[in-house]
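Novice: Protein chains in written order, with numbering that gives the first Met the number 0: chain G, 0 to 249; chain W, 0 to 289; chain B, 0 to 293.
Just so you know, these hints were derived from the structure itself, not from any lab.
Some clues are possibly wrong.
[Stated by the list, open to error] Partner residues aside, some chain B positions facing chain W, computed with beta carbon under 10 Å:
hint: 1; residue: Leu58
hint: 2; residue: Leu59
hint: 3; residue: Pro78
hint: 4; residue: Ala79
hint: 5; residue: Ser103
hint: 6; residue: Ser107
[To be verified] Simulated restraints on C-beta separations:
hint: 7; chain 1: G; residue 1: Gly46; chain 2: W; residue 2: Ile150; range: 23 to 33 Å
hint: 8; chain 1: B; residue 1: Leu270; chain 2: G; residue 2: Phe245; range: 50 to 60 Å
hint: 9; chain 1: B; residue 1: Ser56; chain 2: G; residue 2: Ala123; range: 57 to 67 Å
hint: 10; chain 1: B; residue 1: Phe206; chain 2: W; residue 2: Val61; range: 46 to 56 Å
hint: 11; chain 1: B; residue 1: Thr250; chain 2: W; residue 2: Gly117; range: 45 to 55 Å
hint: 12; chain 1: B; residue 1: Ile70; chain 2: G; residue 2: Ala123; range: 32 to 42 Å
hint: 13; chain 1: W; residue 1: Gly117; chain 2: B; residue 2: Arg154; range: 41 to 51 Å
hint: 14; chain 1: W; residue 1: Arg186; chain 2: B; residue 2: Leu112; range: 28 to 38 Å
hint: 15; chain 1: G; residue 1: Asn45; chain 2: W; residue 2: Ile113; range: 55 to 65 Å
hint: 16; chain 1: G; residue 1: Gly46; chain 2: B; residue 2: Ile148; range: 29 to 39 Å
hint: 17; chain 1: W; residue 1: Lys161; chain 2: B; residue 2: Leu112; range: 30 to 40 Å
hint: 18; chain 1: W; residue 1: Met0; chain 2: B; residue 2: Asn6; range: 47 to 57 Å
hint: 19; chain 1: B; residue 1: Leu4; chain 2: W; residue 2: Pro124; range: 34 to 44 Å
Since we're looking at a predicted model, the values are computed, not measured.
We put the beta carbon where it would ideally sit given N, CA and C, even for glycine.
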Amino acid sequence: MTTSTSPQEILLEIKNVNKNFGGLQAIDDVTLDLPAGVITTLVGPNGAGKTTLFNLITGHLIPSSGTIHWLGKPLKGFQPWQVARLGIARTFQDLRLYSQMTVEENVMTVTERSSWLWQGGRQAAEQRVTEILTETQLLDKRHERAVDLAYAERKFLSLARIMASEAKLWLLDEPASGLDPRSFDRFVTLLRDYAKRGITICIIEHNLDIVIKLSDRVAFLDQGKLLAQGSSEDILKDPHLAAIYFGERA
Amino acid sequence: MLFTQLFINGLQTGALYALIAAGFSLIFGMTRIFHAAHGATFTIAGYIFYECYSVLHLSWPVAALAATFAASLFGVLLDRYVYAIIQRHEGSFFTVFVASFGMAIIVQNLIAMIFDRGAVTVSTPLSKSLEVIPGLYVAPIAAVVIACALIFFIALQWLLTKTNLGIALRALGENPNLIEVYGLTPRLLSQYVFLIGSILVVPAAILTAATSGLNPAMGNHVMLISIAATIVGGVGSLRGAAMAGLILGMAENLCLAVIDPQWSEAVTFVILFLFILFRPGGVYGRAVMS
Amino acid sequence: MIAYLQNIAVLFCINAILALTLNFIMGYAGIFSLAHAIFFGVGAYATAYIAMHASDSLLLCMAASAAISAILSMALALPALRVRGEYFVAASLGLQVIGVTIFSEWKSITGGLGGMIGIPRPKLWGYTFNDDTAFLMLALVVLGIVVGITALLVRGSFGRSLMAIRDSESAAQTYGKHVNAVKTLSVAVAAGLAGVAGSLYAFYISFINVESFVLETSILLMAMVIIGGTGTLFGPIVGAALLMSLPAALTYLPFLPPTELGSIQQIIYGLAMVLLMMFRPGGLVGGRSKEKSA
Chain G
0 MTTSTSPQEI LLEIKNVNKN FGGLQAIDDV TLDLPAGVIT TLVGPNGAGK
50 TTLFNLITGH LIPSSGTIHW LGKPLKGFQP WQVARLGIAR TFQDLRLYSQ
100 MTVEENVMTV TERSSWLWQG GRQAAEQRVT EILTETQLLD KRHERAVDLA
150 YAERKFLSLA RIMASEAKLW LLDEPASGLD PRSFDRFVTL LRDYAKRGIT
200 ICIIEHNLDI VIKLSDRVAF LDQGKLLAQG SSEDILKDPH LAAIYFGERA
Chain W
0 MLFTQLFING LQTGALYALI AAGFSLIFGM TRIFHAAHGA TFTIAGYIFY
50 ECYSVLHLSW PVAALAATFA ASLFGVLLDR YVYAIIQRHE GSFFTVFVAS
100 FGMAIIVQNL IAMIFDRGAV TVSTPLSKSL EVIPGLYVAP IAAVVIACAL
150 IFFIALQWLL TKTNLGIALR ALGENPNLIE VYGLTPRLLS QYVFLIGSIL
200 VVPAAILTAA TSGLNPAMGN HVMLISIAAT IVGGVGSLRG AAMAGLILGM
250 AENLCLAVID PQWSEAVTFV ILFLFILFRP GGVYGRAVMS
Chain B
0 MIAYLQNIAV LFCINAILAL TLNFIMGYAG IFSLAHAIFF GVGAYATAYI
50 AMHASDSLLL CMAASAAISA ILSMALALPA LRVRGEYFVA ASLGLQVIGV
100 TIFSEWKSIT GGLGGMIGIP RPKLWGYTFN DDTAFLMLAL VVLGIVVGIT
150 ALLVRGSFGR SLMAIRDSES AAQTYGKHVN AVKTLSVAVA AGLAGVAGSL
200 YAFYISFINV ESFVLETSIL LMAMVIIGGT GTLFGPIVGA ALLMSLPAAL
250 TYLPFLPPTE LGSIQQIIYG LAMVLLMMFR PGGLVGGRSK EKSA
């Protein structure tokens, strides 16, 4: 698959975004750019606002102020399903797979955008599904129900869904947590592969090992503020940030 | 004069509806169980009272106690032996609702078989209407209804705000994990919720028996009111449900001034639809997003 | 005897269509509706009115019944689906109650409490279905078509959309499903086909009144779907068959007082519902207990 985006083209621009709930400032003047083909990791202590940021991007929450631009156009007032159709997809920390549906159906239904009773493109979709299931090594489990899968398989199914969405921006919420080393390596390889194809990936992650192995860039959030961003070395070596991360505040 | 008459009738009906709705809202708001058998609890309470008072000629306190016992037993056992099992392995809204519904059907038909399909009334010395002022007929029992409702609500308010149990109950709805702090378990608390919720219907059932009478299918109407009031009042708000019950009772009676009696039940649902359309959070409820 | 069996068979077809369509929204979309009898009724009254005042053409009446039911259902679905599932139950209950009142009071269209009498048999391409056996054939064909449509929808992309929404509405939204559109469409399809069943019913019985479309009917249909098995294609048909044979089976038990048979039937399905939900929520055909989500 070739892409038409040049290496460092900015796909998502978050500018001065704020979100408050009553008295609580969940996101405080965050400005962040996500370029094509780059894997950015969002780190920070619990409650820093990472998932809230994702929700603001996907339309589950509306910013109190500030703008979010996707491919140059503002994402204002869009419902989550509309945002999805614009090319942004996300996974959930609790996966939210379609539990009673089979692996194949889980992936297939993502490719079926239309709400109408019948839609075409069946053959192409089936081919794509087979490709994806092969890449995620779920092909032999294609007829198993999602609820019957093993833990690692479920994580890969979650990834398979997002692969099928043909989204240009992937927001992954702790996608690799709890994976054994071999599955983890497979996971990382797959992500890097898609990043090379021009997909922008933003990951929320707690495990610092994972952060180091996966990220091109790291953004550090705390109490809704973006404290720093840079390469993973720069961020992780900063003692001040480490103190915040491990709970020792000034 | 018609208006005043309808107003007083409305107050009486509204007071009863407020009690019924509060019971349902308490259960639903705190355990998230759509207790479709709430109407059945009501019917059981009413008929047990009728049986004890009008048939066996026991004194009314004894009859009331019997009704309370029967209603609470039903509610608690249903929770313990049916809902608990379902929740343990799957517990989706749908499954619990259907089981509850099935229970309601069983009770309705058992009562129809044991007692009689038709309506029965409990006549008490207080039931007879007196012409208070020319054209205005009020039975003393109306005052009893309203007084009863007030007493129960005050008691409920006290229970929920001033006792440990009450506070724990409110916590159950918000954050089940906090309950262990109070030395209770969610399961036990759920039993208490069903106990209280079921007891709340008893006065309403007894008073309904004494005023408009009982019939085996009345549980349906009770459910309609419970659901409508809970939504209009706002899910999770006890005060809202009670208030909504009152409003619905008033509306049902006041509208008789302008429309035929057959449509009065429909009025309840028109109000419900309007709320769903324009203010799904209800009067007091939290904002509802899918 | 033959006539008796034919009669049961036609009614079975009609009930099976109703159960299948209700399952479409309950079992596949997870939408709980207590108003299905109303869509059945709307279809019946529409056909009755058109057949008696305008034309007894089978296709015209059925199409009209389907269309009117479908459009009415959207009036219910559009507001009620915006909010959580519990609200839809309440709204559907409201529709059921109001619907019965309208059926009873709107004398000019529905004949009020007296109902409508003398509905003619339908005509298709010159042939009138006066013969009961022929009508049974018709009913079976319609049932077959409904099964076919349901199967096609359920096994195709629309069915997957429904199941995705049922299993995790938030994930479905996130992956581009326009949830409200899908749900509304599914309710419309179910209601439209229920209207077709109503049409068949009106043509067959030639006399309809509000008693056939009350809350008890909606409950019976729900019982058929649940006992047979939600979310399966043949579950509702099994449910319909079982619940229809129940009254006949009960008459064979001599120790049951005949006046109470109606109540006993209801108790049996109430009990079946409770026990199934406790031990086998998938119903008789579905079986496998549904587990908590992945």
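Novice: Does the CB of B/Leu59 sit less than 10 Å away from some CB of chain W?
Specialist: It is violated, given that the least Cβ distance between B/Leu59 and chain W is near 31 Å, above 10 Å.
Novice: Take a look at whether the Cβ-Cβ distance between W/Gly117 and B/Arg154 falls inside 41 to 51 Å.
Specialist: holds, 50 Å
Novice: Is 46 to 56 Å respected by the C-beta to C-beta distance linking B/Phe206 and W/Val61?
Specialist: Distance hint for B/Phe206, W/Val61 holds at roughly 51 Å.
Novice: Between W/Lys161 and B/Leu112, does the beta-carbon spacing fit 30 to 40 Å?
Specialist: violated, 53 Å
Novice: Can you verify the interface hint for B/Pro78: is its Cβ closer than 10 Å to any Cβ in chain W?
Specialist: holds, 4 Å
Novice: So the hint says 28 to 38 Å: do the beta-carbon atoms of W/Arg186 and B/Leu112 match that?
Specialist: Roughly 49 Å apart at Cβ, these two residues miss the hinted range, so it is violated.
Novice: The hint names B/Ala79 as touching chain W; please verify it with the least Cβ-Cβ distance against 10 Å.
Specialist: At about 6 Å, which falls below the 10 Å cut-off, the nearest Cβ of chain W leaves the hint on B/Ala79 intact, so it holds.
Novice: Hint check: is the beta carbon of B/Leu58 less than 10 Å from a beta carbon of chain W?
Specialist: violated, 34 Å
Novice: Is 45 to 55 Å a correct range for the gap between the Cβ atoms of B/Thr250 and W/Gly117?
Specialist: Since the Cβ atoms of B/Thr250 and W/Gly117 sit about 25 Å apart, the hinted range of 45 to 55 Å is violated.
Novice: Assuming the hint says 50 to 60 Å, is it satisfied by the Cβ distance from B/Leu270 to G/Phe245 or not?
Specialist: holds, 59 Å
Novice: Please check whether G/Asn45 and W/Ile113 have a Cβ separation lying inside 55 to 65 Å.
Specialist: Cβ of G/Asn45 to Cβ of W/Ile113: about 58 Å, so the range 55 to 65 Å holds.
Novice: Given B/Ser107 as an interface hint, is the shortest Cβ-Cβ distance to chain W below 10 Å?
Specialist: It is violated, given that the least Cβ distance between B/Ser107 and chain W is near 16 Å, above 10 Å.
Checked against the numbered hints listed earlier, the structure breaks hints 1, 2, 6, 7, 9, 11, 14, 16, 17, 19; every other hint is satisfied.
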